[in-house]
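Visitor: Protein chains in written order, with our numbering: chain A, 5 to 372; chain B, 222 to 589.
The hints are simulated quantities; they were obtained by calculation from the structure and are not laboratory data.
A portion of the hints provided could be inaccurate.
Stated by the list, open to error - With a cut-off of at most 30 Å between alpha-carbon atoms, the simulated DSS-like pairs for lysine-lysine come out as follows:
1) B/359 - B/463
2) B/256 - A/153
3) B/279 - A/153
4) B/488 - B/463
5) B/524 - A/90
6) B/429 - B/359
7) B/472 - B/544
8) A/315 - B/544
9) B/256 - B/279
10) B/463 - B/271
To be verified - Here are the simulated distance ranges between beta carbons:
11) B/267 - A/78: 25 to 31 Å
12) B/267 - A/242: 28 to 34 Å
13) A/296 - B/358: 20 to 26 Å
To be verified - These stretches of chain B come out as covered by chain A in the derived footprint (C-beta under 8 Å, 3 or more residues):
14) 430-440
15) 569-582
Just so we're clear, the structure is a prediction, and the values are computed from it rather than from any experiment.
For each residue, glycine too, the CB sits at the ideal point set by N, CA and C.
Take a look at the letters that make up each chain.
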Amino acid sequence: MDDAVLVTTIGATPWYENFWVHLAIGAVVAIAFFFFFIVMYIWTERRVIGLFQGRLGPNRVGPLGLIQSVADVIKVMFKEDIVPDKSDKLLFWLAPFMAFVPVMMILAVVPFSENFQIVNLNVGILYVLAVSAISSIGVFMSGYAGNNKYGLIGGMRGLAQFISYEIPLILSLASLVLISNTFSVNGLVQAQTLPNILMMPLAFVVYFVASLAEISRTPFDIVECDSEIVAGFNIEYSSMKFAMLYLVEYGEAVVTSVLVATLFLGGWHGFFIDGPIPLIIKMVLVFLFILWIRATLPRLRVDQSMGFCWKFLLPVALVNLLFTAARMTFFPDLSNWIVIPASFVFTAIVIYLFAGLFKPGRKVAEND
Amino acid sequence: MSLRTEEFVVNVGPQHPSTHGVFRMRFTLDGEIVKDVEPIFGYLHRGVEKLMEMRTYKQGIPMTDRLDYVSAINNNWPYVLAVEELAGISVPQRAEFMRVIMSEMQRISSHILAVGSQMNDMGSFYTVFMYMFREREKLTDLMEMVTGQRMMYNYMRFGGVSMDFPAEFVPQLKKFIKVFPKYMAEYEDMLYDNEIFLARTKGVGCFKPEDAINISTSGPVLRSTGVDYDLRRDKPYSVYDKFEFDVPVGKNGDVYDRVWVRMEEMKQSVRIIEQALDMMPGGNRFCSKVPVALHIPEGFTYKEIESPRGMLGCYLESDGSDKPYRCHFRAPAFINLTALKTMLVGQKLADAIIIFGSVDLSMGEVDR
């Protein structure tokens, strides 16, 4: 069943089960999905952050400002495309694509419903991790190629952060694979009769925080912190190349929210109906949560962000992996009624213990 | 094997989102750590002091508004005090109270801006800023009621103030004073309950009291180090000796203490306004004996007040004509800024930005 779509059989099956037809339809749907949600996310972000801050947000172009993004894209397209004189021309051209394409590629293994997925890879999780890592090279490339000091600082920070946070991310997914016994993304969703967030909240916390850092969202937006290094890696970009780097940011948000919804919130499983609609509802909720964080928290300093990853997130992910492995080895058939409360208690204890060990920047005594 | 490393010179400003105007700093970085900083002033130099020598005394008042445009009323005050002393003009009690009320309102609105933009520098995407501006807006409306202006109030006159409070002003102000502490509690929740805010500010940019006195800093920067000195209490001008208020003093002189001192000062300002409204006598807003063409006898004087940024002094010398012979301002932000190197060297780049923000300067005053 898993490899069924990969096998191209001619003649024996109806035309719509032909591999290439399947691929073409899937690609069109996925790309449409991707761009539609990028545009909608940009609108949502601006409106919702506006509401958080007690202002309106864009509301002039189209009903509720819905086509503001379209207007922005048109404006950006007509900007002059400037390539800095002393930049590395090849890398400068390549970087937006290097950052953009992998983000889109991740959608290839995301199951939109039980039967609709572009490619049902049996190593889907590995594919996701491998492909999403390429995108960080694009970010560093763009920071380096522009020959700008802010850009270089941003790129270096970004690279260091991506590499660090990749590890807890992978470890939390490993524990997911352990309890579901499959690497296939669709298999993971099918295994979630109850969402994974209930079964292993700790893995969810680690994955969510690490992926916030991966897509460099607040409080981990040290890559592009506009108050220090202005815009970081994309500072020298203009016109369509800038637009692509901007889309990467939101594309990553789309992909991350889809992945969180798929891996931890039950994917296409719904309360009443299965399919893309519950998936979309979940991913939008995840994105709203990301926005909530963005509207609330300031940014971590670069060393605090690193320290948080290596001193807190990584040990927590390791402990989680260890305990999950132990549970699957010794008590594989525990009832959910025990597992769910136990894992929540476990999560609370682990986070409490490790948070006590790691507190950034509390050298000075309280003064009030 | 050791890697060859190099120091890295980064230019921040004059066009930079968090330089609070047009200020320029040349950082020498070792990785993320600031090795050296060279502040470069003068991008907003308009020659205000020289211009005032070419204008009559009365025409000088609007010039002082343009010094520190965030606290215009406080800037009028030392100049007006100096002229009043040289010309021997007495101010009616009612006018003194009105000056105090307006000046304390201005102090609140200035501190709101300082703390709000501090959070912006820290990367908290405008949320705290917008929440604080909600109340600043009300204050600005109130001041507009009295003066007809929202920024350059041009409020004080020799021997009084330009406008009396309109009938609806006092009840509105009382209403504001009543609700403001609730909003203060809200801000405190947003700041002090925020772990990242604490991690970013505590122990960052520490400043010793000896250094603070040697560099002759003043205002919140001085008081945050633990030096208990406030001109309003220690060298009372106007009617400040009639009010009861505390001078909040920090302990460590870090960014947290500077924010804390500003937050506490807002509460004290509210107390002062409350008392001033109760004690305000009736009578005239203006001393009617001031001649229209003001000629001041030869002499010089130095008057200073406590502006939101520190000790704001005005040295005025008269040669007997209707124009000042020399008018010099001791701009607190400028002198606080000379402490920048002491605070910055050895800190991270990200901290450098928030330390710079915590000095709370407005370039209009620094460059004059």
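Visitor: All the hints need checking, so say for each whether the structure fits it.
Guide: Here is what the structure says about each hint:
no.: 1; hint: B/359 - B/463; result: holds (27 Å)
no.: 2; hint: B/256 - A/153; result: holds (16 Å)
no.: 3; hint: B/279 - A/153; result: violated (49 Å)
no.: 4; hint: B/488 - B/463; result: holds (18 Å)
no.: 5; hint: B/524 - A/90; result: violated (54 Å)
no.: 6; hint: B/429 - B/359; result: violated (37 Å)
no.: 7; hint: B/472 - B/544; result: violated (45 Å)
no.: 8; hint: A/315 - B/544; result: violated (66 Å)
no.: 9; hint: B/256 - B/279; result: violated (47 Å)
no.: 10; hint: B/463 - B/271; result: violated (37 Å)
no.: 11; hint: B/267 - A/78: 25 to 31 Å; result: violated (40 Å)
no.: 12; hint: B/267 - A/242: 28 to 34 Å; result: holds (33 Å)
no.: 13; hint: A/296 - B/358: 20 to 26 Å; result: holds (25 Å)
no.: 14; hint: 430-440; result: violated (count 0)
no.: 15; hint: 569-582; result: holds (count 5)
When the structure is compared with the earlier hints, violations turn up for hints 3, 5, 6, 7, 8, 9, 10, 11, 14 and for no others.
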